[in-house]
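Asks: Letter by letter, the chains look like this.
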Amino acid sequence: MDAALIPKGVKRCPMWQFLLALGVVGAVLAWGVYAMLLCWIKGLNQTNMNDYYGFALWIWADLAVIAVGGGAFFTGFLRYVIGKNELKNIINYAVLIGFICYSSALLILAIDVGQPLRNWFIFWHANIHSMLTEVAFCLSCYFGVLCIEYIPLILENRQIDKVPFFHNLSHNLHETMALFAATGAFLSFFHQGSLGGVAGVMFGRPFAFREHILVWPYTFFLFTWSAAAYGPCFTLLVTWITEKITRKKLVKDNVIELLAKISGWMILSYIIVKGIDTSYWANITAKSMGLSLHDFYGRNWFYGYWMLFTELVICGVVPAVILITSHGRKTAWLRVTAITLGVVGVCLNRWVMVLQIMATPVMTFDKFVLYYPSWQEVATTILPVAYGIILILISYRYLPIFPQEAELNPIDTNEPVSRETAIDADAGTDSTDTAADMAPA
Amino acid sequence: MLPFSFEWVWDMGHIVFHGGLWYALNIIGLGMTWCIGKAIYDTIKGKGAHDHH
Amino acid sequence: MKQAQKEHTTKRYGMVIDLDKCTGCGSCMVACMSENNVPFKTDESNKLDSITWMQVYKLTNGKSYPNTEICYLPRPCQHCAGKHEGHSPCVSVCPATATDYSKETGIVSQIYTRCFGCRYCMGACPYHARYFNWWDPVWPEGMEKYLSPDVSPRMRGIVEKCSFCFHRYQLARNKVYLEGRKDLDEDEYQTACTQACPAGAIKFGDLYNPEHEVHRIAQPDMQHGGRPQNPHVFRLLERLGTNTKVYYMSERRWVRKAGDNYLPGEFENPGAVAGSH
Numbered sequence: 001m002d003a004a005l006i007p008k009g010v011k012r013c014p015m016w017q018f019l020l021a022l023g024v025v026g027a028v029l030a031w032g033v034y035a036m037l038l039c040w041i042k043g044l045n046q047t048n049m050n051d052y053y054g055f056a057l058w059i060w061a062d063l064a065v066i067a068v069g070g071g072a073f074f075t076g077f078l079r080y081v082i083g084k085n086e087l088k089n090i091i092n093y094a095v096l097i098g099f100i101c102y103s104s105a106l107l108i109l110a111i112d113v114g115q116p117l118r119n120w121f122i123f124w125h126a127n128i129h130s131m132l133t134e135v136a137f138c139l140s141c142y143f144g145v146l147c148i149e150y151i152p153l154i155l156e157n158r159q160i161d162k163v164p165f166f167h168n169l170s171h172n173l174h175e176t177m178a179l180f181a182a183t184g185a186f187l188s189f190f191h192q193g194s195l196g197g198v199a200g201v202m203f204g205r206p207f208a209f210r211e212h213i214l215v216w217p218y219t220f221f222l223f224t225w226s227a228a229a230y231g232p233c234f235t236l237l238v239t240w241i242t243e244k245i246t247r248k249k250l251v252k253d254n255v256i257e258l259l260a261k262i263s264g265w266m267i268l269s270y271i272i273v274k275g276i277d278t279s280y281w282a283n284i285t286a287k288s289m290g291l292s293l294h295d296f297y298g299r300n301w302f303y304g305y306w307m308l309f310t311e312l313v314i315c316g317v318v319p320a321v322i323l324i325t326s327h328g329r330k331t332a333w334l335r336v337t338a339i340t341l342g343v344v345g346v347c348l349n350r351w352v353m354v355l356q357i358m359a360t361p362v363m364t365f366d367k368f369v370l371y372y373p374s375w376q377e378v379a380t381t382i383l384p385v386a387y388g389i390i391l392i393l394i395s396y397r398y399l400p401i402f403p404q405e406a407e408l409n410p411i412d413t414n415e416p417v418s419r420e421t422a423i424d425a426d427a428g429t430d431s432t433d434t435a436a437d438m439a440p441a
Numbered sequence: 001m002l003p004f005s006f007e008w009v010w011d012m013g014h015i016v017f018h019g020g021l022w023y024a025l026n027i028i029g030l031g032m033t034w035c036i037g038k039a040i041y042d043t044i045k046g047k048g049a050h051d052h053h
Numbered sequence: 001m002k003q004a005q006k007e008h009t010t011k012r013y014g015m016v017i018d019l020d021k022c023t024g025c026g027s028c029m030v031a032c033m034s035e036n037n038v039p040f041k042t043d044e045s046n047k048l049d050s051i052t053w054m055q056v057y058k059l060t061n062g063k064s065y066p067n068t069e070i071c072y073l074p075r076p077c078q079h080c081a082g083k084h085e086g087h088s089p090c091v092s093v094c095p096a097t098a099t100d101y102s103k104e105t106g107i108v109s110q111i112y113t114r115c116f117g118c119r120y121c122m123g124a125c126p127y128h129a130r131y132f133n134w135w136d137p138v139w140p141e142g143m144e145k146y147l148s149p150d151v152s153p154r155m156r157g158i159v160e161k162c163s164f165c166f167h168r169y170q171l172a173r174n175k176v177y178l179e180g181r182k183d184l185d186e187d188e189y190q191t192a193c194t195q196a197c198p199a200g201a202i203k204f205g206d207l208y209n210p211e212h213e214v215h216r217i218a219q220p221d222m223q224h225g226g227r228p229q230n231p232h233v234f235r236l237l238e239r240l241g242t243n244t245k246v247y248y249m250s251e252r253r254w255v256r257k258a259g260d261n262y263l264p265g266e267f268e269n270p271g272a273v274a275g276s277h
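Residue numbers (this note's numbering), protein chains in the order written: chain A, 1 to 441; chain B, 1 to 53; chain C, 1 to 277.
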């Protein structure tokens, strides 16, 4: 039915399967939209947030998707600035995942504020000393860059590409992509960092506060570093899931292993620095405020030492060791375990840096308060996941996301026509390599 | 915020912060303008009707 | 000399609360809510989302009967100056400049029409002095007529907090101006909680002014962020460097110790820790 829109030389599932998948995920999306409208119309009393938990599930989700979406900027940085050419075969997907993550983050932020119609105040009445201002500015700008990076991919759709203007625009965008990618990397450095800075500058909250280099607390650098380290894990994990669902090999192992190796070394270096930071904070910073590690991790079962151990060792040291060893990278189950642990680890770090800050009492006579989200918060947090799956479904079906797909999955032209295929008989040549060369960051 | 705003202060913080912002916005804006402009020019010249990259 | 001149032209309004006098009656809380049009819910049992600009905490010494001691600690906004004047935990983080530190009075203000409800200030405040309007205010029928005309009610989705009854300062300034005077007398600007306290536990005034009672009691060292020099006076979480303008006083050591966090042995050895007593 839609064969004319499907990229050349690849096979896609029948239309009914595609629509069924869209329908199922669309139902989840509709549930999320309903919850979102409740929050907008009735206000944030629909949530379980309270005056102790001004930041809760949404801000965690926000920080987590931006951290895992860091695969886009770091892969782009590796591809365009460092010159790791093999990564051209996964960068389209990294961009798509990044685009989904960042648009989700902006959507969550739009729900999270008490007066969404005043959102523009953050730009117009900007307090330049606030880390949140830096986040808003860099996040919005970088989302613009991601849009620019995603557009050429859309323009590569077979039918759109036939329009000369779009073809030329796509060509020009590819030519200038390095400039956009470099700007994106610059913006990403600052907004990933300033998200860390949001916590690190809170000198009234000893659990969050860190010493500074210039105006930036250590968490600024740790957040950027961790996003660059763990972001590629998420790209690899989503790629692996996509391969399992489509039952196809979409990216060659050498590409996967290269990104896994870089990620592994980044995680290892991050964990060393994070360990030093934790040690300095626990022994110097916190103690200067009369607090010890026990005050933070030993007073509550939920926010116990197990969380620190899980974050640093199980989801830090373990994936790093697996990914830096050749055997670990090449063994599929080990690699998938490592990247899954990595994604959990960075999400856990963001959870700690949002929720535990709120939970930990500072005044001696104050109490440790726990929080659980309302269904509206859960639904609106799942909403971006559903939206992301839908965007991946549509993009995968109609756009040449994976340049190596056709080569890795040659089409048997004698196969019955039950599966929708798009073989451009008259074109003859496969444009995969050209598209890959010009893949955006 | 623009320098015309009553809250604007001519200090290092505002200049560096907003300077960085406008620098990034200009690169994005000018880059896109160039891409779209050249695409219009190329299309008028008849380029891209049949060739593939 | 310059410092002295500055101290005459600017104010640093602050409070001293005598915890040994406070009976925990809650008059200050009631007066504050009434004075400032603070909204309330039909069911106020969940204290985690109700608004109390002035909150009275109950402290105990942790000992069993008959050695149990109780202390009630009223906690308004602490109007922090921060490590350098104006760098309050909340003011420095607000992305839209919706909260401000007045260099004229030392009061931390909240601009309701500017706040867009991101709640970063709430997260940054270690005293839980900031409250979010989770609902639009609903007043019992007829009560709108009894709201204070000098304080604007707040809408859903924004943050609010104690303002040291700033509208009273404005009214007092107007009065002084009309009468052709330059300065306020101590009793011309007093907060509602101060006036409502039946035990006289709350004192309010200009910390810069040596004639004001708050200055005489707290003996603030303005060269060091206003650190109290009276050994029985302390500030909440002094060691964080928030440099608050609400001082607490007690003869009891355990109460003073409860004002801040100390590692084992630190409080008993005050020489080792700056700001301890």
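A few of these clues could be false.
Unchecked claim - Simulated restraints, written as ranges between beta carbons of each label pair:
1) C/Gly24 - B/Phe6: 41 to 47 angstroms
2) A/Trp301 - C/Glu144: 44 to 50 angstroms
3) A/Lys367 - C/Asp150: 31 to 37 angstroms
4) A/Lys249 - B/Pro3: 51 to 57 angstroms
5) C/Arg253 - B/Pro3: 51 to 57 angstroms
6) C/Gln223 - A/Asp366: 44 to 50 angstroms
Please keep in mind that the hints were generated in silico from the structure rather than gathered at the bench.
Being a predicted model, the structure only gives us computed values, none of them experimental.
All C-beta atoms, glycine included, are put in the ideal place defined by N, C-alpha and C.
Asks: In ascending order, which of the hints set out earlier in this document are inconsistent with the structure?
Replies: 6
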